[in-house]
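Q: Work out the full structure, taking the sequences as your base and the hints as a guide.
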Amino acid sequence: MSSIMIRPPAVAGTFYPANPLELQTMVRAFLQATTIPTPVVPKALIVPHAGYIYSGAIAASAYAYWQTLTQGINRIILLGPSHRYPLRGIALTNAQAYATPLGNVPLTQSMHDSLLRLPYVSVLEQAHIAEHSLEVHLPFLQTLFHDFCLIPLVVGEASPQQVGHVLNLLWGDEKTLIVISSDLSHYHPYAIAQAMDTKTSQAIEQLKFDALHYEDACGRNPITGLLYVAKQRGLNVKMVDLRNSGDTAGTKERVVGYGAYIVH
1 MSSIMIRPPA
11 VAGTFYPANP
21 LELQTMVRAF
31 LQATTIPTPV
41 VPKALIVPHA
51 GYIYSGAIAA
61 SAYAYWQTLT
71 QGINRIILLG
81 PSHRYPLRGI
91 ALTNAQAYAT
101 PLGNVPLTQS
111 MHDSLLRLPY
121 VSVLEQAHIA
131 EHSLEVHLPF
141 LQTLFHDFCL
151 IPLVVGEASP
161 QQVGHVLNLL
171 WGDEKTLIVI
181 SSDLSHYHPY
191 AIAQAMDTKT
201 SQAIEQLKFD
211 ALHYEDACGR
221 NPITGLLYVA
231 KQRGLNVKMV
241 DLRNSGDTAG
251 TKERVVGYGA
261 YIVH
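Following full-length UniProt numbering, the numbering of the sequence shown begins with 1 at its first residue and continues without gaps.
Check the hints yourself; a few may be wrong.
[As the list claims (entries may be wrong)] Simulated pairs of lysine to any residue, SDA-like, Cα-Cα distance not exceeding 25 Å:
(1) Lys43 - Gln126
(2) Lys238 - Arg220
(3) Lys175 - Leu87
(4) Lys231 - His264
(5) Lys199 - Trp171
(6) Lys43 - Ser159
(7) Lys231 - His188
(8) Lys43 - Trp171
[Unchecked claim] Between beta-carbon pairs, the in silico distance windows are:
(9) Arg84 - Glu174: 31 to 37 Å
(10) Thr35 - Gln161: 33 to 39 Å
(11) Glu157 - Lys208: 34 to 40 Å
(12) Gln109 - Pro39: 20 to 26 Å
(13) Gln161 - Ile6: 15 to 21 Å
(14) Arg84 - Pro39: 14 to 20 Å
(15) Ala33 - Met5: 33 to 39 Å
(16) Asn104 - Pro189: 39 to 45 Å
(17) Gln96 - Thr14: 37 to 43 Å
(18) Val40 - Ala249: 34 to 40 Å
(19) Ala249 - Arg28: 14 to 20 Å
(20) Ala99 - His213: 33 to 39 Å
These are computed hints drawn from the structure, not numbers from a lab. Glycine residues also receive a C-beta, built at the ideal position from the N, C-alpha and C atoms.
A: Right, here's the structure in full:
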């Protein structure tokens, strides 16, 4: 099977700056503008994946909780939905690194054999090559952590139990962190989006993985998998930011919703 050794950036210069200095300055500004009310260290985050001018500040409101974890984190599990390639199950990549303007993020295949024993997990490069839902988080992770390996997973049609089983396999110890990538409602008028996203946010905080629908969140499948595991493990989910593109850099006629959550 053919494979890419280094997966190049697909959305640098569109979703986020292609210039390394500009990108680093923007990410740091987002993080520094965030106030953390309680010093909780989350195991996992749910964060949005739109262009940085739209959702970067919302994502940073969750990532800021990891600013004290500069040492000791050696593995990040990153799950996002497939926007461009129809997919059943969950896709791995054989790439050795994901590239961003800030450098290469090394990938680890140490768990591939265990994951590929699951009938709904496969290696599928086409699912990774143009997918933005994973890529946009890497500059945040590169800014926070200097020495970590990544396991990127593109999630297509998969049940909460299937995604949850993968998460349990990869859960690890306190040196492993999890990021779930998802936006919320898409292209509704501002007030309707606010009502929809508030309802979705309540379901997420209450771990109601069976209450989420595709119109509620494009990353519904990775989110529901995490909620399934959080319920199993007795964890809490807390919303730390809830806005939409009409609050940040867009009009209010047709907005996209963004929520940021910590799981601890």
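Q: Indicate, hint by hint, whether the structure satisfies it.
A: Here is how each hint holds up against the structure:
no.	hint	verdict
1	Lys43 - Gln126	violated, 29 Å
2	Lys238 - Arg220	holds, 17 Å
3	Lys175 - Leu87	violated, 30 Å
4	Lys231 - His264	holds, 11 Å
5	Lys199 - Trp171	violated, 28 Å
6	Lys43 - Ser159	holds, 22 Å
7	Lys231 - His188	violated, 31 Å
8	Lys43 - Trp171	holds, 9 Å
9	Arg84 - Glu174: 31 to 37 Å	holds, 34 Å
10	Thr35 - Gln161: 33 to 39 Å	holds, 37 Å
11	Glu157 - Lys208: 34 to 40 Å	violated, 20 Å
12	Gln109 - Pro39: 20 to 26 Å	violated, 35 Å
13	Gln161 - Ile6: 15 to 21 Å	violated, 33 Å
14	Arg84 - Pro39: 14 to 20 Å	violated, 39 Å
15	Ala33 - Met5: 33 to 39 Å	holds, 37 Å
16	Asn104 - Pro189: 39 to 45 Å	holds, 42 Å
17	Gln96 - Thr14: 37 to 43 Å	violated, 25 Å
18	Val40 - Ala249: 34 to 40 Å	violated, 29 Å
19	Ala249 - Arg28: 14 to 20 Å	holds, 19 Å
20	Ala99 - His213: 33 to 39 Å	holds, 35 Å
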